[in-house]
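J.: Taken in order, these protein sequences are the chains called A and B. Each residue of the first sequence is one higher than the last, beginning at 235 in my numbering. Each residue of the second sequence is one higher than the last, beginning at 508 in my numbering.
Everything labelled a hint here was simulated from the structure, so no lab data went into it. Any given hint might turn out to be false.
Computed far set for chain A versus chain B, every beta-carbon distance over 10 Å [stated by the list, open to error]:
hint : residue
1    : 339
2    : 353
3    : 357
4    : 402
Mimicking SDA-like on lysine to any residue, the simulated pairs with C-alpha atoms at most 20 Å apart in a straight line are [to be verified]:
hint : chain 1 : residue 1 : chain 2 : residue 2
5    : A       : 346       : A       : 315
6    : A       : 346       : B       : 802
7    : A       : 346       : B       : 711
8    : A       : 346       : B       : 738
9    : A       : 346       : B       : 629
10   : A       : 346       : B       : 725
11   : A       : 346       : B       : 730
12   : B       : 807       : A       : 391
13   : B       : 807       : A       : 388
We put the beta carbon where it would ideally sit given N, CA and C, even for glycine.
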Amino acid sequence: MTASQQFVAQVKNLSVDYHGDRGWSRAVDGVSFEIANGEALGLAGESGSGKTTVAYSLMGERRGASSVGGGQVLFRGRDIFAMPERELTTIRGRSIGFVPQNPMASLTPSMKVGHQIGEMLTFHSVPVPQGTQARVAELLDSVGIPQPAKAARRYPHELSGGQQQRVAIAMALACRPDLVVLDEPTTGLDVTTQKRILQLLAELKRETGVSMLYVSHDLASLAQLCERVAVMQKGRLVEAADTASLFERPQHDYTRKLIAAIPRIDRPPAGHPGATPAGEDEAPNLLEIENLRVSYARRGLLGFGKLPAGADTVKGVSFSVQRGQTFALIGESGSGKSSIARAVAGLARPRLGTIRFAGTPLAALARQRPLHLRQKIQIIFQNPDSSLNPRKTVRSILSRPLGMFGRLDAAGREARVAELLQAVRLDPAYADRRPHQLSGGERQRVAIARALAADPELIICDEILSALDVSVQASILQLLETLQRERGLTYLFISHDLAVVRWFAQQIGVLSRGAFCEIGDTETTLSAPSSPYTMQLLDAVPRIGASPAAAASEPERRP
Amino acid sequence: MALISLLAVSAIIFWCVELLPGDAAERILGRNATPESLALLRETLNLHLSAPERYLTWLSNLLSGDFGTSLVADRPVLDYIASRIANTALLSGFALILYIPISIALGVITAINRGRMADHAISVVVLIFMCLPEFVIGILLISIFAIKLAWLPPLALIGQANGFGDLLRLIALPTITIVAAMSAYAVRMMRESLIEVLDSSYVLMARLKGLPTWRVLLFHALPNALGPAINITALNVAWMIGGVVVVEAVFEFPGIGRLMVDSISHKDVPVILAISMVMTGAYIATNLIADVLVILLNPKLR
């Protein structure tokens, strides 16, 4: 068997350069690997490591202002960048399928999903004896979409995130390709949906024997699907090995760092002091919430008429948070956890219920609360890209709360900005930068510094890690713990990721459809969960060391 | 909503015309008027009534479908303006038929060649047309095509047209003037929104699916880029309704724009009101159509 038959794709000493503000810079530097027939290769690395650039080059796509600086990409022995455009078009979609990172943005909004799958069959002249429509329904069925014929007539926005990703997978497999390139296919999804998608991919791989290149920053999910994993750092391939040995005997320092950063439900992260057990020192409650109900349902015309029964997004939730501790609200999207956060922060008016802060009942909306109470409750949002004003410098972002809550002169303010930046472990010189000049993790640090500027007692963290790489997540969590110890902060920490909060929060409340299905201290709740929903969430946490076969053999649960 | 707008517009126009000095009787009789003949004419034209009375009379007649009688021409207003409306509708219709494909085509060409020669060349021309007022464009076209090259007639006296071919020759210059002024904005808007769409993940996805370029452009990119251009078109049509007055004046075109100008100088209030009602109605209708089109194009709004 010659090399070109044995391998679906070979990347030989590939270099890619990007043209940026400061001339050309090398994003991918001499990367070589190959993907064997039927093999799934994982490509891991942080954002900016060049892994996505490599993945796109496998399809002959140069992203943005980039050019191939050297090397080759061979698909079935043929050089993809030397191919005429026509030939490339026949390989794309037909022989190489693609599953994008963000299915919502990657499906054409004005076109029915069935049509988007069908056009691939038509344009690649795939013979479909049963007719295009029937084949599309078959494909949708094979990726686990209920009522496939009906779903085919839907527009992308009418499907849930998980279903959109299933449609994208059906699309990638429509022409029975030899290779599928997956670009962070589960990153934007809930943990449970993530798990189901991974199971689906493992199943499809076994049934069709398709080869895969799976790009992700999340080593844990790579481990479940891939036989081999390659790790990239700053444009270079630092290590490639079969999955089991990579996790057991990582050779490179960077790989070890990545593995250590994975949140583990079974053991605390390295250097973790261990969360102080809850309830023993009986600290007073800082935040008490009683029978909170939030509703977005509108009453009938002009506000008259009854609310439809069960319309509340949050259905009578009560809990309390002790001073200096962390309470984690866990749940999937739509469970109401962000609505609780917004009600506590005074951003949304609850329909019913009381919120007491240090014993004082709070007014519903932030603008009705006295200044000193507003100052003591701060919120950090999920996406620092949109929560920081892109036109302002870090200095003016941090100065605003200082001017609002404090009486500092210009020099004092300047000193305080530097102090805040140091508190979040950023160079004080960053004060002159604007958000777009920072990385995602640095931006989230600035957002934390902004919350600290008000000198708060309670910080609400609304999914603040979900837009970040796993290794950056770990460092932000560490920072939050340090700040808690130094300043006695109390956190209301909202997340969908159990493994993240396992060692970080003393108390945990698991939300499902607007109500707690479990609440208590983290240790006991997670070691002996009583509700099936919690068990399901625990089950969905990726376990390292689980073989891909194990993930596939488990029958898929569909709601 | 539309009815309230129409009512408000009619009241404002009526009041504005009232503010102008003189009345229709004075304009008709001119310098030879004696106080007696003026009083007599005012009596026949109902001008002796107070302004609010005349407005309410006009309004109640309108509700029964009667636009009144032209004070100057002594003919029912509707008869009087119908042929003019038809002429203007013809001109606007031709302009729209040319405008839509030209704007889309130029927008697409500039967007897919962004930063290259074709984009720069078209963008410069478009910017020039954006800056020039339409009467300058009109006069420019007349001096080039009618006077220098003598290809087309300078005036659009379509009453003298001999068959369809002749009609096309007569209205070619005013049509081009309107299209040039209108397309400028639409081309830029089309270019911007298409560039944004071409950078989107779904267009990348469509290319990575191995679809031919034309398919990606026409089925994945264009339908999602048209929204802003349609909204601009609605504003353009609104402009056209007013701008047509100027263009008609330049080319001596017998449309409602010229009739409006003439009627104002004669203080022919019923005609002025009728024309403004037609214009406002057309404006509201185009906005409604644009909104419906945008909703039809975007399944999320459906």
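J.: Are the hints correct? Go through all of them and say.
T.: Results for each hint:
| no. | hint | in the structure |
| --- | --- | --- |
| 1 | 339 | violated, 4 Å |
| 2 | 353 | violated, 7 Å |
| 3 | 357 | violated, 5 Å |
| 4 | 402 | violated, 8 Å |
| 5 | 346(A) with 315(A) | violated, 32 Å |
| 6 | 346(A) with 802(B) | holds, 16 Å |
| 7 | 346(A) with 711(B) | holds, 17 Å |
| 8 | 346(A) with 738(B) | violated, 24 Å |
| 9 | 346(A) with 629(B) | violated, 35 Å |
| 10 | 346(A) with 725(B) | holds, 15 Å |
| 11 | 346(A) with 730(B) | holds, 13 Å |
| 12 | 807(B) with 391(A) | holds, 7 Å |
| 13 | 807(B) with 388(A) | holds, 11 Å |
When each numbered hint is compared with the structure, violations occur for hints 1, 2, 3, 4, 5, 8, 9.
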